[in-house]
Amino acid sequence: MKIYFCLLFILSIGHATIFAQQKLPKGFSYVQDIIPEINFDLRYYGSHNFVGKKIEGYDSPTLILSTAATQALEKVEKELNKKGMALKIFDAYRPQKAVDHFKKWATDVNDTLGKKEFYPKLDKRNLFKLGFIAGKSGHSRGSTVDLTIITIHDHQEIDMGSPFDFFGSISHFDSKDIDRVQKKNRTLLKNIMSKYGFKGYAKEWWHFTLINEPYQKTYFDFNVN
46 MKIYFCLLFI LSIGHATIFA QQKLPKGFSY VQDIIPEINF DLRYYGSHNF VGKKIEGYDS
106 PTLILSTAAT QALEKVEKEL NKKGMALKIF DAYRPQKAVD HFKKWATDVN DTLGKKEFYP
166 KLDKRNLFKL GFIAGKSGHS RGSTVDLTII TIHDHQEIDM GSPFDFFGSI SHFDSKDIDR
226 VQKKNRTLLK NIMSKYGFKG YAKEWWHFTL INEPYQKTYF DFNVN
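Heads up: the sequence shown at position 18 corresponds to 63 in the working numbering, and the numbers run straight through without jumps.
For the record, the hints were derived by calculation from the structure and aren't laboratory data.
Just so it is clear, CB atoms sit at the ideal spot from N, CA and C, and this is done for glycine as well.
Treat the hints loosely; a few may be bogus.
[Claimed, not checked] Computed cross-link-like contacts, EDC-like style, restricted to lysine to aspartate or glutamate with a CA-CA straight-line distance of at most 16 Å:
| no. | residue 1 | residue 2 |
| --- | --- | --- |
| 1 | 68 | 266 |
| 2 | 235 | 204 |
| 3 | 68 | 104 |
| 4 | 240 | 124 |
| 5 | 169 | 156 |
| 6 | 229 | 219 |
| 7 | 133 | 82 |
| 8 | 133 | 122 |
| 9 | 169 | 153 |
| 10 | 181 | 266 |
| 11 | 248 | 222 |
| 12 | 240 | 119 |
| 13 | 142 | 104 |
| 14 | 120 | 78 |
| 15 | 149 | 101 |
| 16 | 235 | 249 |
| 17 | 128 | 199 |
| 18 | 181 | 219 |
| 19 | 99 | 145 |
| 20 | 98 | 86 |
| 21 | 133 | 119 |
| 22 | 235 | 124 |
| 23 | 142 | 266 |
| 24 | 120 | 156 |
| 25 | 174 | 249 |
| 26 | 98 | 202 |
| 27 | 228 | 199 |
| 28 | 229 | 204 |
| 29 | 133 | 199 |
| 30 | 99 | 86 |
| 31 | 235 | 122 |
| 32 | 133 | 219 |
| 33 | 166 | 222 |
| 34 | 133 | 86 |
[Stated by the list, open to error] If you anchor each label on the Cβ, the simulated ranges turn out as follows:
| no. | residue 1 | residue 2 | range |
| --- | --- | --- | --- |
| 35 | 222 | 199 | 23 to 29 Å |
| 36 | 247 | 204 | 17 to 23 Å |
| 37 | 149 | 82 | 33 to 39 Å |
| 38 | 154 | 247 | 22 to 28 Å |
| 39 | 127 | 79 | 17 to 23 Å |
| 40 | 156 | 235 | 31 to 37 Å |
Using the sequences and the accompanying hints, generate a full structural model.
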């Protein structure tokens, strides 16, 4: 697969850093170009994630998805906005090299920087078997997104019963360990995502894939920048 890049540069002005955008493969878009006000916390660009370090392939804090998935998300965002709510994205397109980084991390049982917050009750050696880590990810096909809902007036996440990327049964959509309000919130997210063409993943309440994704068998590896 050939990917043609425009001239890349980083320009620092005071405390601001400007990242030049690459030329994306056909059928991909920068989410912020289509949904300018989208809220996000790109966890793998920084160290607040289960690995505890910046993940390979995330070169700038920007969101990339297939154009089809982005356009569907725009519809979700507009409907939520009418209710005083909005989306908050944790991860979108994920290069294969990032998935490989996760795989390598999972085999190092002594690397437990994020254990206390993200997998306090699990042995790292079981993460593959339990379905939290895999050799391939739908994110690398460009139409899978991890997200939650926030309230617009204070930008606070609504209570989903467990945080993003928490490895444990409480993160399963139908967990018996969440209360009525948390179940209602998860159902709100699932229903509005389903309305606009996304399907969820039973083991992660935050994980959704566009049903009619354009690249069902292609796993991309261009960097996020």
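Violated hints - listed by number, lowest first: 18, 24, 26, 27 and 32
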